[in-house]
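Here is what each chain is made of, one letter per residue.
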Amino acid sequence: MEVKEKKAKVAKQGVLKRIAGPVVTAVNLDAHMYDVVKVGKEALMGEVIKIQGDNIIIQVYEDTSGIRPGEPVENTGLSLAVELGPGLLTSIYDGIQRPLAVLVDKMGNFIERGVSAPGLSHTKKWSFKPLVKSGDNVEPGTILGEVQETNIVHRVMLPPNVKAGIVKTIKSGDFTVDETICILNDGREYPMIQRWPVRVPRPVKEKMNPTIPLITGQRILDGLFPIAKGGTAAIPGPFGSGKTVTQQQLAKWSDAEIVVYIGCGERGNEMTEVLTEFPHLEDPKSGKPLMERTVLIANTSNMPVAAREASVYTGITIAEYFRDMGYDVSLMADSTSRWAEAMREISSRLEEMPGEEGYPAYLAARLSEFYERAGLVISLNGARGSVSVIGAVSPPGGDFSEPVTQNTLRIVKVFWALDAKLSQRRHFPAINWLNSYSLYLEALQDYYDKEVSPEWNKLRAWAMEVLQKEAELQEIVQLVGSDALPESEQVTIEVARMIREIFLQQNAYDAVDTFCDMSKQYDMMKAIKLFAEFAYAAQLAGVSPAQIIGVKSKNDLPQIKFIKDYKPELAKIEKQMDAEFNALRSAA
Amino acid sequence: MKEYRTISKIAGPLVFVEKTEPVAYQELVNIVLFDGTIKRGQVLDTSDDLVVVQVFETTTGIGRDSGVRFTGETIKMPVGREMLGRILSGGGKPIDGGPEIVPEKRLDITGAAINPYARGMPADFIQTGISTIDGTNTLVRGQKLPIFSAAGLPHNNVALQIARQAKVPGSTETFAVVFAAMGITKEEANYFMQDFERTGALERAVVFLNLADDPAVERIITPRLALTTAEYLAFELGMHVLVILTDMTNYCEALRQIGAAREEVPGRRGYPGYMYTDLASLYERAGMIKGLKGSVTQIPILTMPGDDITHPIPDLTGYITEGQIVVNRDLHRKGIYPPINVLPSLSRLMNLGIGKGHTREDHKKVSDQMYAGYAEGNDLRGLVAIVGKDALSERDRLLLEFADLFENRFVRQGYDEDRTIEDTLNLGWELLSTLPVEQLTRIDRDLINKYHPKFKTGAMKE
Ligand SMILES: Nc1ncnc2c1ncn2[C@@H]1O[C@H](COP(=O)(O)OP(=O)(O)OP(=O)(O)O)[C@@H](O)[C@H]1O
Ligand SMILES: [Mg+2]
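If you read the protein sequences in the order shown, they are chains A and B. Position in the first sequence (first residue = 1) + 50 = my numbering. Position in the second sequence (first residue = 1) + 40 = my numbering.
The hints are simulated quantities; they were obtained by calculation from the structure and are not laboratory data. No experiment lies behind these values; they were computed from the predicted model shown. It is possible that part of the hints are untrue.
As the list claims (entries may be wrong) - Derived list of chain A stretches under chain B, where covered just means 3 residues or more per stretch with a C-beta under 8 Å from a C-beta of chain B:
| no. | stretch |
| --- | --- |
| 1 | 106-116 |
| 2 | 323-334 |
| 3 | 402-409 |
| 4 | 606-618 |
Backbone N, C-alpha and C fix where the C-beta goes; we use that ideal spot for every residue, glycine too.
Throw the hints in and build the complete structure from the sequences for me.
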């Protein structure tokens, strides 16, 4: 991570007075809030988070063991910023944008401290193709040219916070990110790299209401509780209920053009899994390795908490940068609870007055500021881009009434409620279909009508109705057994079971079922509906529920999930169902 | 080395020292009593005028007249190959009457985080010989998989059985065992030691014992010493190391005690707000490293206060570890050993270590199908209690029977019974074949044709 220049030049060197964990106090230092400082003889990176008289309180992004009072502290006078430019894609960073691959080269397999490493390579040359010419007017955000970064085209833009101007010279050819590629008439020179302070949202021209779904290939998400491109979703659940797997499924299969995946205070092995797996996976649309559209941020649970706090901002700033180029970006943060806990830990070290459950009083504000950085926008250069944000929440004891879950639900539009009862029986994704919701349904209806089928919205509503009905019936069944239900309701129970087991259950580890496109989702739901129609008709004609449940061909329906070219098989099953029901009806 | 006599306050395990030289955060401190006894501690907070020291032993005997020496370095652990076969105290001193350990290296016990980029992906299936682990919650090399238990349940037997039987099929390397006891009774410790001796495991084990009557605060460093040793054996000597940490509940109590002494704002149930991060600094010290031969596999054991899995200790653990094996009182009451309840149990790395090339191609789906059947059968037990068995449909009746069979045949096994993965999976198929084949919706047809006892063509020829 690099730092960004501020106007006020301040003085410089102070000394450490107190060290207690990741929070240290310095004196005799001129500082402003959020200035980046170098702490101790090893120059560990830190950030000013509180000023109290002469005491400057600093959170340190690296381990502070062994540091003593009296060691120097130096203020850089800059604020925490990320380096943006070609080279971001396929990278894996820690919470303050140090490339982990570079850190391995510099200090071996374990993360030692006091090593800085810039976010982008400053030696690699990229082939830059200009898109403006001399004499052109350029404004903040204007696309100056492009670089083929991976299979993704990286659009090099004028930074958003500079004045407009007229191009004097624009270069073409191979450059490092630091070399000037554009000179304006007034003498200003711009390289490909830009730096942006992570705690400040990048400006846009306009924010719009989302109308297009982010297609995830996950049936319960796309089918029942969709998120829009530029939307926000939360996925809370107890440990082991499927937050990470769901987020990884989205990172793999969602139809975003860029994916930013933040492992915030979670497991090292999970990041390794992404690193090992993604290069071998292909985007179902482009056929290109998924890694090429991905930026990873890994600040695992045993890495410093202050850097964990920063990781979320580092991620969203990178996401906004790609959005400004006109891309649809999706950002997963796993887990926002660990981020909130990092805030809590720092806050308690500052001896701030705690709010609910020890979280700082500004928890709600920080969460909403973060989710507000999502959205479908017209960027400064007129391109349409989006950032969709999907945050995992890890409530203590799986209890959703705790502050992080509650404050998150007040902001996000989609709620995917994970349920330990479902995961325990290996019903995956363990998303509870009764508690979850999406507030985008209405906004997305037109899209489904046009792109999936005019029937889709009705089919979805029907499925939800059946599941709702089943929940009511199950309460009765628990008391008196299913045989006591009226016959038509016994059929409903069976249809609901089919919706759950065939449509909702989806195995992330099955080579075929891991991704299901919208047309297959539609076909599957339609086949279940077809069964339901046959079944209710047969029941009216006097066929018994036992006979209906015993219809053999429906047992082949789940197999559809595992078949890639499922259509012939599905047609066969539907024909057999028709025949079987015909036989039952004529016998009745 | 300068000795200060400026102790201003002693509170619980904390000693406050004034007007010192600049002392480093986390520095090792020796406190010298009037009779020459030395107690060790560590700096928790350091500033110009006041240093707060956390003492690892009891503060008994420490007074304002005691001397304080700052050693100038953070806590280091002497490690060496010779440690195998040795028994050390919870503070790392030999207590088996043997000689001092000649260190090959001295390592910082905090242990730096493994760079996620340097990690190797765990994928080697460990056969523990226990069906409920191998079949449905598979352990792999480099995993951290705790046992969630409760007072009075046989978690020690389960841990010992794993330690005794664990092997990677096809590999001749045995596991080295690092065993760290925190606050367990002498009797429990003996139980472990006797089993290690009986099976000869002691020769390839390093044992750290902090017993119930040893200082509670020492428990903070015991697991760190153990893990530092494990990392040395694994990543410098290339061994595969199995680390057993028991009982993590006592560790967390010690953490709470220090938090209270420091007058910190407590989190849930009085445990410190940073307990997640602190536990992660232990549990994350499991894994493999690309290009290195060894591995650290962790089996922490914890007892859930009040059998409550939502208690902060199991809860935070579950959020960090890669699954959990849950030992259950109802099964234990039914006389089933090992009383592992598969429903809340989980191994997150299972998928990496099973299937074709690891165990068998049908593994995942057999496991899923058994879960589904057992979960449903188990639910039906509640219903049967109300409406009676007769009110059940045929389908439900079979599921109910499946649940019983599952507990009695699949879960139940002998303390010395070492099942191969083939045995476990075949047993799974045998039990599943009591259900109508249409009900096996989690398994694709090809696998049914290949492995289902009633359909498999190969079976006829054999
Ligand atoms: N869609 C799915 N398909 C198959 N298995 C799944 C699916 N979702 C979750 N699982 C199973 O559940 C396990 C736990 O899921 P996951 O690791 O995502 O939980 P989590 O909610 O992130 O837990 P934690 O909060 O502890 O990180 C996985 O290892 C996997 O076995
Ligand atoms: Mg997770």
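Cross-check of the supplied hints:
no.: 1; hint: 106-116; verdict: holds (count 4)
no.: 2; hint: 323-334; verdict: holds (count 3)
no.: 3; hint: 402-409; verdict: holds (count 3)
no.: 4; hint: 606-618; verdict: holds (count 3)
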